[in-house]
Amino acid sequence: MSKTRRAMTRPQQMLLSLVRSGIWRSAPEKALFEGAGEELWRSTASLAAAQGVGAIAFDGMAMLPPDIQPPRMVQLEWGVRTDTAERIYARQTAVAEELASVFGQEGIKMLLLKGMGLARLYPVPAHRESGDVDIYLFGRHGRGEEILAEMGKANAHGVNLKHSESTYKGILVENHRTLLDVATLSPDAYLNATLLEILDSDAELSSAPADKILFPCPDFDMIFLMRHALMHLGTQEMVLRQLCDIALFLQANRGAIDFDGYRRAMARTRLTRAADTVVAAAVEYLGLDPRDAPPYAGQDTARLMREILSVRPKITGSPARVAWLRTKKFFSKHYVYPLVYPGGYAGIVWRTVKEKLADPRKACTPDKR
Amino acid sequence: MRIKDGLKIRDIVGERVVIMQGKAGADMTRLISLNASAEWLWNDLQGREFSADDVAGALVARYGIDAERAAADAGAWIDKLVNCGAIEL
Numbered sequence: 002m003s004k005t006r007r008a009m010t011r012p013q014q015m016l017l018s019l020v021r022s023g024i025w026r027s028a029p030e031k032a033l034f035e036g037a038g039e040e041l042w043r044s045t046a047s048l049a050a051a052q053g054v055g056a057i058a059f060d061g062m063a064m065l066p067p068d069i070q071p072p073r074m075v076q077l078e079w080g081v082r083t084d085t086a087e088r089i090y091a092r093q094t095a096v097a098e099e100l101a102s103v104f105g106q107e108g109i110k111m112l113l114l115k116g117m118g119l120a121r122l123y124p125v126p127a128h129r130e131s132g133d134v135d136i137y138l139f140g141r142h143g144r145g146e147e148i149l150a151e152m153g154k155a156n157a158h159g160v161n162l163k164h165s166e167s168t169y170k171g172i173l174v175e176n177h178r179t180l181l182d183v184a185t186l187s188p189d190a191y192l193n194a195t196l197l198e199i200l201d202s203d204a205e206l207s208s209a210p211a212d213k214i215l216f217p218c219p220d221f222d223m224i225f226l227m228r229h230a231l232m233h234l235g236t237q238e239m240v241l242r243q244l245c246d247i248a249l250f251l252q253a254n255r256g257a258i259d260f261d262g263y264r265r266a267m268a269r270t271r272l273t274r275a276a277d278t279v280v281a282a283a284v285e286y287l288g289l290d291p292r293d294a295p296p297y298a299g300q301d302t303a304r305l306m307r308e309i310l311s312v313r314p315k316i317t318g319s320p321a322r323v324a325w326l327r328t329k330k331f332f333s334k335h336y337v338y339p340l341v342y343p344g345g346y347a348g349i350v351w352r353t354v355k356e357k358l359a360d361p362r363k364a365c366t367p368d369k370r
Numbered sequence: 002m003r004i005k006d007g008l009k010i011r012d013i014v015g016e017r018v019v020i021m022q023g024k025a026g027a028d029m030t031r032l033i034s035l036n037a038s039a040e041w042l043w044n045d046l047q048g049r050e051f052s053a054d055d056v057a058g059a060l061v062a063r064y065g066i067d068a069e070r071a072a073a074d075a076g077a078w079i080d081k082l083v084n085c086g087a088i089e090l
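Protein chains in written order, with this note's numbering: chain A, 2 to 370; chain B, 2 to 90.
Don't take each hint at face value.
Taking lysine-lysine and the DSBU-like style, the derived pairs with C-alpha atoms no more than 30 Å apart in a straight line are [stated by the list, open to error]:
| id | chain 1 | residue 1 | chain 2 | residue 2 |
| --- | --- | --- | --- | --- |
| 1 | A | Lys-170 | B | Lys-5 |
| 2 | A | Lys-213 | B | Lys-81 |
| 3 | A | Lys-163 | A | Lys-115 |
If you're looking for bench data, these hints aren't it; they were derived computationally from the structure.
The model shown is predicted, which means the values in this text are computed figures rather than measured ones.
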């Protein structure tokens with residue numbers, strides 16, 4: 002057992018083993034689970050839920066011999082949560098299909114980002130949990146919003162420069178104005194333009210019928226998924242599900258990805274070290290075959306995994322508590338910021354502000370197609 | 002009557018279980034554990050309309066029991082699933 006593994010808590014080790022089993026359909030390491038009592042199992046199940054991999058870990062748990070599976074009540078509760086995930090997936094799928102059909106009647110093509118496209122790569126697609134349906138309408142964001150309003154969308158949660166959020170039939174829909182957050186972080190402007198070029202050159206997308214859900218090509222997703230994961234690592238939280246997405250995506254697209262183009266994009270935005278760390282973690286912790294991975298240099302994957310698997314308190318409560326938790330979170334990210342903001346966080350903010358002051362239109366121009 | 006659409010039998014803790022999700026904040030989730038004959042009836046009748054006589058007839062055909070016992074077993078099976086909300090009348 003490596004030094005890294007020893008530094009992990011037992012629920013973390015158990016969870017990683019279950020997730021590897023869930024995504025690759027391989028038997029979990031039995032020794033890790035021997036003698037595990039109810040409390041340990043509850044901690045593992047709870048960590049799985051927080052990491053967005055509850056249903057995947059449930060699949061892994063079901064592959065354990067019965068004598069080392071969790072107690073009955075833990076399994077039943079876990080089964081109920083897995084059932085809930087399946088129902089949500091079914092509703093999200095139905096909403097996405099309906100939206101593609103309605104937009105198609107208006108001649109608007111709908112690209113589905115993340116979510117269902119990635120779920121197809123999992124052994125049980127409904128077990129890839131997702132909080133929303135992310136759509137991109139190829140520059141027709143505004144018309145898309147009008148159509149959603151005509152369809153009776155409810156609870157518009159807000160519009161930011163990247164996307165609008167609303168609820169339709171109880172499902173959160175994110176209608177992307179731009180693919181990435183071009184208005185906030187300057188590296189995203191370059192990557193957004195690169196992604197648009199890839200979409201433009203995709204003959205399959207150009208000839209696809211408008212009433213079907215469209216999925217991005219592997220070259221797009223290689224950059225998009227990595228940037229998305231790093232964005233979460235920097236500004237919010239990266240969870241194990243995002244690492245699973247990258248591992249399964251790479252495995253499913255062996256030989257079909259332009260790794261040179263991807264590495265150029267990462268280098269141009271100075272994200273190579275961060276991206277390499279994520280890829281290395283997918284190999285080391287999730288068992289991705291290194292032959293499926295883009296070239297990467299060895300990195301401090303243990304630190305990244307501690308960051309991903311750490312338990313974070315919810316930032317709620319009195320204003321003083323919120324301020325305290327935010328400050329604590331900011332300083333706890335001392336490892337992350339240099340990784341995802343290699344020029345320094347303040348530097349990124351400054352360069353971005355400078356660019357926007359020079360050309361304010363950059364801050365709010367939707368992708369034109 | 003018919004078995005509600007969207008319900009699925011799962012294998013949990015070596016048991017065959019149907020999960021009836023409650024409405025958020027307003028109801029309790031129910032777990033229906035099925036024995037072999039209850040599961041067989043479920044699979045045989047799912048996706049179509051049926052009557053109590055159909056259930057009893059299915060039990061007679063499958064297990065060769067007498068009509069009186071089949072009617073009693075069918076009634077018990079239906080009552081339990083109606084109470085759990087798994088059967089729509």
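Hint check: Lys-170 (chain A) vs Lys-5 (chain B), CA-CA at most 30 Å. Holds or violated? It holds: about 20 Å lies between the C-alpha atoms, which stays within 30 Å.
Would you check the hint for Lys-163 (chain A) and Lys-115 (chain A), treating anything up to 30 Å between C-alpha atoms as holding? holds, 16 Å
Is the Cα-Cα distance between Lys-213 (chain A) and Lys-81 (chain B) 30 Å or less? Between Lys-213 (chain A) and Lys-81 (chain B) the Cα gap is close to 43 Å, so the pair fails against 30 Å, i.e. violated.
Comparing the model with each numbered hint stated earlier shows that hint 2 is the single one that does not hold.
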